[in-house]
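Asks: Chain by chain, the residues run as shown.
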Amino acid sequence: MSGHLWHLTQLIARILQPAEREAVLGDLLESGHSTTRALRDILGLTLRRAVRGIVPHIASPLLALPLALLLTVLARNIADFIAIYLWLWTGNLDTHLLTTSGYWHGVTDTAPELLLACSSLILWSWSSSALAARYSRSTAILFCTALLLLAPLGAPAFLTSHLSLIRARDFHSNDAVFRSLFYRSLFPCLVQCLFVLVPALTAIQKPTQETVS
Amino acid sequence: MIGEFEYLILAATLRLAEEAYGASIRREIEEATGAPCSIGALYTTLDRLEAKGLVKTWMGEPTAERGGRAKRMARVTPAGRKAASAFFRTITRITGDIVWSAR
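Residue numbers (my numbering), protein chains in the order written: chain A, 1 to 213; chain B, 1 to 103.
Derived from the structure by calculation, the hints contain no laboratory data. Some clues are possibly wrong.
[To be verified] Cβ-to-Cβ under 10 Å is the rule here; a few derived chain A residues that face chain B: (1) Ala19; (2) Glu20; (3) Gly26; (4) Glu30; (5) His33; (6) Ala38; (7) Arg40; (8) Leu43; (9) Gly44; (10) Thr46; (11) Arg48.
[Stated by the list, open to error] Quick list of simulated restraints, FRET-style, between CB atoms: (12) B:Glu50 to A:Pro56: 12 to 22 Å; (13) B:Ala102 to A:His33: 25 to 35 Å; (14) B:Ser101 to A:His4: 47 to 57 Å; (15) A:Pro156 to B:Glu50: 39 to 49 Å; (16) A:Leu11 to B:Arg75: 29 to 39 Å; (17) A:Pro18 to B:Gly53: 17 to 27 Å; (18) A:Pro156 to B:Gly68: 54 to 64 Å; (19) A:Pro56 to B:Glu65: 34 to 44 Å; (20) B:Thr63 to A:Pro156: 51 to 61 Å; (21) B:Ala79 to A:His7: 33 to 43 Å.
Predicted model only: the values in this text are computed from it and were never measured. Using N, Cα and C, we set each Cβ at its ideal position, and we do this for glycine too.
Start from the sequences and build out the full structure, keeping to the hints where you can.
Replies: Below, the structure is given as structure tokens:
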């Protein structure tokens with residue numbers, strides 16, 4: 001074999017490990033096929049090798065990061081939803097209000113909804129983390145790290161506006177709540193840590209506990 | 001259970017015995033199937049078979065006809081023989097008395 005295509009084939013074969021390159025180029029020479037087919041063969045093999053080398057590295061962030069971003073958007077939405085009721089219930093609290101039946105009616109009416117939202121967040125976070133851990137432990141660690149980093153920062157604004165249909169803090173009637181630094185910045189971070197990060201960490205610790213027992 | 005292409009490689013390697021290496025296995029498969037066999041598919045499947053412990057490969061001596069390049073020799077392990085045999089038995093059993101000729 002000779003010519004430009006064979007030179008190109010040899011050049012591409014440099015990507016392969018030396019022993020494999022030697023064997024493959026020898027096989028191509030021995031087979032006596034055209035240089036076009038040799039080039040196609042070497043391209044096919046190097047592509048397969050490249051994919052095998054890259055997939056484990058990109059699959060992990062491709063699984064962990066979107067899950068972490070999605071959960072952060074959800075956690076922030078739920079945090080804002082809870083913040084409004086917390087502000088209503090605790091902001092004007094006094095002994096007289098506690099004796100009012102209307103106040104307790106409001107609490108008992110909304111509390112199950114808030115509990116359901118928090119429980120769902122915990123379950124989604126736990127199952128997402130378990131899914132990531134099932135792929136690999138490093139994926140689960142990446143997932144938890146992303147959750148930790150996103151807790152104080154939140155998801156990027158464009159993502160939040162695309163993924164959220166209704167955001168409590170976008171309504172001017174709720175301005176009084178989100179004017180407070182606690183409800184605006186600290187509370188979402190707290191919700192994410194408690195209801196997302198902690199369940200996620202629990203899910204990746206489980207296999208270790210099982211192995212020990 | 002092993003796959004169809006894995007079986008082809010195991011069978012070709014067994015048939016070729018001491019002469020089983022990349023190019024010869026490829027030739028054997030192409031002759032048997034009448035279809036081209038890509039080097040990429042052959043080598044990645046050989047790697048997989050080796051990882052499963054069904055085949056053992058090593059670098060042979062360089063030969064002049066290959067431009068002084070060495071061969072990747074292959075040998076089927078006892079586990080490989082067992083896996084190929086199980087695959088063949090399954091195919092034979094499921095085929096039963098079916099006649100594949102076109103009617």
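Asks: Which hints from the list above does the structure break, by number from lowest to highest?
Replies: Checked against the structure, no hint fails, so every one of them is satisfied.
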